[in-house]
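Engineer: For reference, the chains in residue letters:
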Amino acid sequence: MDKWLTVRNNWYSRQINTSTCTTIAILLLITLTVALLSLSSGKYMLSLPEVIDALRSQTIADNAFIVSILRAPRMLMALLAGGALAVSGLLLQTIIRNPLASPDIIGVTSGASATAVFFLSFMTSWLSVQWLPLAAMAGGFAGAALVYLLAWKSGVSPTRLILVGVGISAVMVACTTMLLVFSPLSSTLSAYVWLTGSVYGARWHDVTTLCLWLLPAAILLVALARTLAVNELDDTLIIGLGISMERARLALLALSVYLAGAAIAYTGALGFVGLVAPHIARRIGGKSGTSLIIVTMLVGANMVMIADLIGRTQFLPLDLPAGIFVSAIGAPFFIYLLLRARS
Amino acid sequence: MTALRTRSVALATLAIGAGLLVLLAVLSLSIGKTYIAPGAVLDALFKPDPLNIDHILVNTTRLSRMTVAIAVGACLAVAGGLMQAVTRNPLASPGLFGINAGAVFSIVLLAPLFGSTSLTQFMVLAFAGAAVAGTLVYCIGMLGSRSPFRIVLAGAAVTALFASFTQALLVISQEGLDSILFWMAGSVAGREMDAVLTIYPYLLIGFAASLVLARHINILVTGDDIARGLGQNTFVIRSLLSIIVILLAGGAVSLAGNIGFIGLIVPHIVRRILPGDFRWLLPGYAVFGALLLLLADIVARVVLIPQEVPIGVVTALLGAPFFIHMARKGMRNG
Amino acid sequence: MDPIESQDLTLKYDTQIVIDGLNLTIPKAQITVLVGSNGCGKSTLLKSFARLIRPSQGTVLLNGKDIHRRSTAAVARELAILPQSPTAPEGLSVYQLVRLGRYPHQTWLQQWSKEDETIVTQALAQTELTEFQDRPVDALSGGQRQRAWIAMTLAQNTDTLLLDEPTTYLDLAHQIEVLDLLFELNATRQKTIVMVLHDLNLACRYAHNMIAIANRQVYAQGNPAQVLNATMVQDVFHLQSKIVKDPLYGTPMCIPIGKGIQSAGIDAS
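Chains as they are written, first to last, in our numbering: chain A, 1 to 343; chain B, 344 to 677; chain C, 678 to 946.
This is chain A alone, in the form it adopts within the complex:
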């Protein structure tokens, strides 16, 4: 028996599912644990009191440096990017009506990748690396826009969107490969790492900038959250229930692209989060609508944080990009989901 809690007063009312609340609470706890773990683990292990001290009073300069300057921004970047990519995937899966869609499929990842590799290979002598995120974001948006325009034929059907997305992505991946081949040797590795996806070297400046980028998206998300459940129904029903379908689809698509573009711009092509996180979220009890968004966000955030943690601590002295573990763990899990999925 589902338990529903009603919150109601004169100007605001809402219904909340109690089991989802519990799930969210548990996830928040997990997030906190992983965060603290991230702050204390690494080449130099710190105990919890040391971490807290480093954050607050900063009595030991070395610890403060490690925690505040090195680990904290990195952890937060993983959290933000993971959450954004996960929600992006959720929105996309809702619109495309296919539970197996992800930002990679509509040209965001490939567009951002092509632009980023181009930037890293040929532009670093003129522009500082500071501009890389902006360039990647622009590339991501351009890629998605191209896919949308080419898929538009008096409306956008989910199938056409995926097919055109696959085509455009293939072209951009080919261009990226070509750029990699022709790029000067010195930049090849950094380009390749970017393509793998990494939060290495994240600074506070990056974290705050990403926050600012994500803020308008978050606001829009809150406004549109209640339409998400309706958007999962058939086209006829969506319109029947009063939503302008093309406009709603475009809004959600744009939001999805924006979230993915912003995240990828800072962390590189962290492929699988957008694909797998929504599925995990649904299986651990996220119900339609706002609660699903929150659960998905937390799952994605944790995925990337944990992946980075593993990459950073399990292969010392090497620091492996998080992207490797997001795929290495995400892909088998996804295969498992595929094997279990009904038709």
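It should be emphasised that the hints constitute simulated quantities derived from the structure, not laboratory data.
In this text, a Cβ means the ideal position worked out from N, Cα and C, and glycines have one as well.
Take these hints with a grain of salt, some might be off.
Cβ-Cβ distance ranges computed for the label pairs, FRET-style [said to hold, decoys possible]:
hint : chain 1 : residue 1 : chain 2 : residue 2 : range
1    : C       : Thr-807   : A       : Arg-283   : 22 to 32 Å
2    : B       : Ile-569   : C       : Ile-694   : 33 to 43 Å
3    : A       : Leu-5     : C       : Thr-807   : 14 to 24 Å
We have chain A already, so just place chains B and C on it with the hints.
Structural biologist: Below, chains B and C alone, put in the same frame as chain A:
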């Protein structure tokens, strides 16, 4: 394009295709950093003068390149066409099935272990990796429902999996990155004739086997229920075809690296021109696949002279617009 | 004021004209059934009533106003539509589905008003799904599932309800289950119901008003007893038939003439 159903027209189409192929083949031997007149090319082939530099060029580098392009193009197209038939999925193609990712991973992982550096050794490793990945995708994708997207995404998952392992290895030991890069981009150049000639027989066997099974494929594509009703053992046929696909696609990838879209596009085009009988389609796939890749190779050599564009890029840039055009029109099932 | 009225309505599918210059009114608080052969355009017509298809010519009026000049949200508060074979997202419970019906009346701040709660409870009660409300929709039987969808449209609380083939794919018992429910909704709540049905006999039994569509036009409209005759069946369905009176309900019943086992002593010609 409407389907031309008469036998004679189909035969004519194949003949024209083959003729074009010969023309392009000669062209491919002529064009390059040094232009060698077609007349001289023919001389080089049939009356080789061991002291003539041009003749040597034609008979070694360019000949190998041309034959690889033809072989790989044909194999990819046939493999793609067979995949689309077996999975009844118009999006099937060797590239989307993780075969490339498996090949790359295999090379990156095993080449340092075995100390292999020659292209021939790469070929063997690539083939092994391709086989493993392809089998994996097949198993995952074919269990349960066979909706078109499921297999594409099984391919995406397996590709991502192998890619992540590859990335891990390449990031850890960076020397591998440069040598693997050009191979990953795909190329039909620089293959030693000897090595290439050892692979060709297998490809021919695969192609011949597919022709032998052509009638069975015709039945298989009508649908599992109908095929079984007609007495066909669909499981056996599917498995045999899968082995052929892995042989052909794996062979192609090991010869030429990552070349996309041929396996995806050519079958679609050929199906609009030739009748739906696989006894016609398979040769059609081979001829037009070879044609397309040969054309792509010529373009790759010519467009940015003296630099060479990786052929995988050219096929993507040529193939994608086609693919998108078909997506807008609505694809026809394999 | 008629709930739905079409004026000179022309509908096209790509370049093919499906409905040509159609003038039609749907009477208020009655059950209207659209009948016609496959592909005659009755589904297309129904969709045009719901603002799903733009007319290439003419207008559709909902409660006197041009439906295409009104916002989708405003229309959703007056008109509900249930498409053919609707699919529910995996795992969605009946309660969650019915709740979605309240969307047109909710705002961002008020996502669960007292009215929302009351209406959903009522909708579940009227469709007799209260005990099933936590079950996933896809785990229900055909008839129950259709009732759940109807409950959702009930929660939408509109005066007019359009249904596209609500009984196709259901077995006979479930068909009657659904039609009985709709009949009752019309009787107790005066809902205007327009539906597309394939079964002529059931259509006659449950409809106050029958509209036969043929040749891109209205062939006939009115009480089933007036509309259904052998000529109409021949013209619209290209079928020879004999019309008799249903022995239980008195409504017209169509017996198609064709092959089949005949009892001795009866001449079917």
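Engineer: Run through the hints listed earlier and report the numbers of any the structure violates, in increasing order.
Structural biologist: The structure conflicts with no hint, since it agrees with every one listed earlier.
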